[in-house]
Every structure is written in structure tokens, then in C-alpha cells.
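Please assemble the complex out of the two chains, which come individually in their own frames, going by the hints.
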Amino acid sequence: DIQMTQSPSTLSASIGDRVTITCRASQSVSDSLVWYQQKPGKAPNLLIYRASSLKSGVPSRFTGSRSETEFTLTISSLEPDDFVTYYCQQYRFYPWTFGQGTKVEFK
Amino acid sequence: QVQLVESGGGVVQPGMSLRLSCAASGFSISSHAMYWVRQAPDKGLEWVAVMSHIETNNYYAESVKGRFTISSDNSKNTLHLQMDSLRVDDTAVYYCVRGSRDWYFDLWGQGSLVTVSS
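Top line first, the protein sequences correspond to chains A and B. This note's numbering applies: residue 236 is where the first sequence begins, and numbers increase by one. This note's numbering applies: residue 110 is where the second sequence begins, and numbers increase by one.
With the rest of the complex left out, here is chain B (with noise of 0.2 Å):
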């Protein structure tokens, strides 16, 4: 089944640390870009950063550049966002997501809800 699931979301404080996983299955996240995209609470969605297929730099969004880090590990075909010094306006529910051959969002996981509030 293809298919994307998010894992460590949780509470944390200000300035704290935060990792989130997300395991694909039914296809190879090497063969695609994979972005993660976030949601505040009733608020609208937000691309967050961007690790490509074709070349070695990743991307992010001005609003967690220098404190998200995007990452992979292929041999257990995971996505990883590292995500330190967090604020509280981090607060949201992260996806992960795939990119298609022309590079739009085409499968979306279930999401990880991350709060950060003291």
C-alpha cells in the first residue's frame, strides 16, 4: 500500500528540540522530491522545506530557515524534520508529503501534531 505515516509530534517547550519520522511504504522516497507542509490550528497550510530527488540542496521556508533541517534515510525509506529552537508559533499539525514527476503534492500523510507552548 503507498502510503506516508508521521511519527514525534508531542509537547515541547520553547526553545526546545523536536524530531518528526515519517515512514513511506509502497514506493522509494529517493525516486521523488518529499516536502513537509504544516497547518496551524484553523489556519491555513504553509510549505515548510523541500529535500529534492535530482540534486543535493534541500529548501526551506524564511520562517524556519537556519532551525529546520530536512533529511533522509533511504535504506529505511523515512523522512526526517528536525526542527530546533522551536517558538510557539510552530505550533501545527506537520505532513509529509510526496512529489510528483512535475513536482505538485501527491500523497499526503495523516499528519503529527507538534505544540510548543510553555
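This is chain A alone, in the form it adopts within the complex (with noise of 0.2 Å):
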């Protein structure tokens, strides 16, 4: 199975703070990576896709980028709103995999 090892696991920030969240993969899953925003008692929300494309109505200050294995996800200038959980996924191979998630919280 591709494991992916997303860090931190917590990250403390205050707002307008320009943060990023990074997810490596065991092996090589081409450009076949996620990023979901996922807010408390409600389901993911994909905020990225294919490692970089922003999914229509999702704000500009998120941004995705890839180096071969290495994935980030920036968000230029956190929101209130953004002081969440964040996960990666990768669907190049089966089993589709996530990462462990990363909880940004105010300092």
C-alpha cells in the first residue's frame, strides 16, 4: 500500500498567517493527489486536485504543488474559517490512501 505521511499533525497559527502542510508519498503517484478541508461533525470538502487544480468556488489563498513525492498545500493568509483539519489522498493506486491529517489551530 502507498503510505502517505502528511506533517505536522498540529499547527499553530493566528490569522492572516501564511501556512503550509506537507504530504509525502512511499512511492511515486504521479500527479494523482488530493487535499480535503475538513470542518468538525461535517464530511471532507475537496479544496484541491490532480496536486495542484483548485476546485471551482474554493478561495485563491489555497494553493497546491508538487516536487516528484512531495506535496504541499499553502494557504496564503488564513481565515477564521480555515482553523480546521486538513488531509491528503492519494487515488493513483488501490488501496486509495489518506493522510493522518493536519489540525491548524490558533496560537
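Source of the hints: derived by calculation from the structure; they are not laboratory data. Glycine included, C-beta positions come from ideal geometry on N, C-alpha and C. Careful: at least some of the hints might be erroneous.
To be verified - Reference listing, derived: stretches of chain B covered by chain A, where coverage requires no fewer than 3 residues with Cβ under 8 Å from a Cβ of chain A:
(1) 147–155
(2) 214–226
What the hints assert, rightly or not - Straight line, CA to CA, 20 Å or less: simulated SDA-like cross-link-like pairs of lysine to any residue:
(3) B:Lys152 x A:Thr257
(4) A:Lys277 x B:Asp151
(5) A:Lys290 x B:Val111
(6) A:Lys277 x B:Leu222
(7) A:Lys274 x B:Asp215
(8) B:Lys152 x A:Ser244
(9) A:Lys274 x B:Val197
(10) A:Lys274 x B:Asp151
(11) A:Lys274 x B:Gly153
(12) B:Lys185 x B:Gly208
(13) A:Lys338 x B:Lys152
(14) A:Lys290 x B:Phe136
(15) A:Lys277 x B:Thr224
(16) A:Lys274 x B:Glu155
(17) A:Lys277 x B:Lys185
(18) B:Lys152 x A:Asn280
(19) A:Lys274 x B:Ala149
(20) A:Lys342 x A:Val319
(21) A:Lys274 x B:Trp212
(22) A:Lys277 x B:Lys174
(23) A:Lys277 x B:Arg210
(24) A:Lys274 x A:Asp236
(25) A:Lys277 x B:Ser137
(26) A:Lys274 x A:Leu313
(27) A:Lys290 x B:Arg210
(28) B:Lys152 x A:Ile237
(29) A:Lys338 x A:Glu303
(30) A:Lys290 x B:Trp212
(31) A:Lys274 x B:Arg210
(32) B:Lys152 x A:Leu313
(33) A:Lys277 x B:Gly208
(34) A:Lys277 x B:Gly118
(35) A:Lys342 x A:Pro243
(36) B:Lys152 x A:Glu303
(37) B:Lys152 x A:Val339
(38) B:Lys174 x A:Ile237
(39) A:Lys274 x B:Val114
In C-alpha cells, the structure reads:
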């Protein structure tokens, strides 16, 4: 199985900060990676697909990038609604696997 | 409106069975891969099962293989997950999810809580 190692598990930040979350795949998944945002008690919401494509309607402060097996989600300027949990997931190979999640909390 | 609505969750004892349903609207489930994904309390996401729209085989996570069965009723545009021999560690919110053309998960239901406890 492909292991997705996501870091950090918790990120402390303030409104307006620029933050980066990293996800590393145990082997190449090409650009078959998505990022989700999950609010408490809600289903995950797709932000980024194909490593760097922004889903329609998602604010442009969210960007995704890839360098070989390392993927990053960057939020350019945190807003109050962004202090929730983020997951990466690879969809190149069965079984589909997720990162462990990153909780963005108020500093 | 394009949406997925799960039902059928509840509290059961270990060893018992439960059947989840997922009613789709606004699109045809026969045109998409359809998935079940679960999330144990305060834990991460785990893919459980997939029903492909382009092949007859279904696939399961090792943790549920032989106990869970994914199926569909295309006439009712509804996906099911039959869960047998339930264990305490199957306790989770179960999400019904639609696959995009590129196989990523592009539409999620609101989730259905399954609690396995004696």
C-alpha cells in the first residue's frame, strides 16, 4: 500500500499567517493527489485535485504544489474559517490512502 | 440538486449486521465509481469499499474484506453497504462518496454513524 505521511499533525497559527502543510508519498503517485478540508462534524470538502488544480468555488488563497513525491498545501493568508483539519489522499493506486491529517489551531 | 444522503446507521452489538444505504440525486450512480469511506471517532479517514462503473469487480479494504459487501440498486439510484460480523473497531461515521472521472472523491454524503458496542 502507498503510505501518505502528512506533517505537521498540528499547526498553531494566527489570522493572516501563511501556512504550509506537507504530504509525502512512499512511492510515486504522479499528480494523483487531492487535499480536503474537514470542519468538525462535517464531511470532508474537496479543495485541490490533481495536486494543484483548485476546485471551482474554493478561495484562491489555497494552492497546491508537487515536487516528485512531496506535495504541499499552502494557505496564503489564514482566515477564521480555515482553522480546521486538512487531509491529503492519493488516488493513483488501490487501495486509496489518506494522510493522517493536520489540525490548524489558533496560536 | 446533486447530493448523497446516507441512512441506516445505529447502535449494534458485536457480531451483528447492519445495512447502510446512500440515496443519490442529481446524477446517476451507474455512471460513476462509488465508494464508502469511514472515520472512527476523532481519527482520520479510511477508504472501505468501491464499486466501479467500468468493471464488475468490487474492492475492499483488508480490514473489512469478507465481512462487508458493497452493492447498488440502479433503479432506485441507491448504493448499499452490507456490514456483517461487526466488530467494536468498525465504530465510525460512514460516508458515501462519488468518484470523479479521474477517480478522486468529488462528492461526499453527510455521513451515517455506526456504533458497535456491547
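Lys277 (chain A) paired with Arg210 (chain B) [C-alpha distance capped at 20 Å]: Distance of about 24 Å is beyond 20 Å: violated.
Distance restraint between Lys274 (chain A) and Ala149 (chain B), which requires alpha-carbon spacing of 20 Å or less: With Cα atoms ~15 Å apart, Lys274 (chain A) and Ala149 (chain B) stay inside 20 Å; holds.
Pair hint Lys274 (chain A) and Leu313 (chain A), alpha-carbon separation not exceeding 20 Å: holds, 15 Å
Straight-line alpha-carbon gap Lys274 (chain A) to Gly153 (chain B), limit 20 Å: Distance of about 13 Å is within 20 Å: holds.
Holds or violated: Lys277 (chain A) to Ser137 (chain B), with C-alpha atoms at most 20 Å apart: violated, 24 Å
Pair hint outcome, Lys274 (chain A) versus Val114 (chain B) [Cα-Cα no greater than 20 Å]: Roughly 18 Å separates the two Cα atoms, so the pair holds.
Given hint Leu313 (chain A) paired with Lys152 (chain B) - CA-CA distance at most 20 Å: Violated - the C-alpha atoms of Leu313 (chain A) and Lys152 (chain B) are around 24 Å apart, more than 20 Å.
Pair hint outcome, Lys277 (chain A) versus Gly118 (chain B) [Cα-Cα no greater than 20 Å]: holds, 16 Å
Restraint check for Lys152 (chain B) with Thr257 (chain A), where alpha carbons must lie at most 20 Å apart: The given pair, whose Cα atoms are some 19 Å apart, holds under the 20 Å limit.
Given pair status - Val111 (chain B), Lys290 (chain A), alpha carbons within 20 Å: Holds. Lys290 (chain A) to Val111 (chain B) sits at ~16 Å (cutoff 20 Å).
Lys174 (chain B) paired with Ile237 (chain A) [C-alpha distance capped at 20 Å]: Within the cut-off at roughly 18 Å; holds.
Chain A over the stretch 214–226 of chain B, status - at least 3 residues with CB closer than 8 Å: With 6 residues close enough to chain A, the hint holds.
Checked against the numbered hints given earlier, the structure breaks hints 9, 17, 21, 22, 23, 24, 25, 29, 31, 32, 36 and satisfies all the rest.
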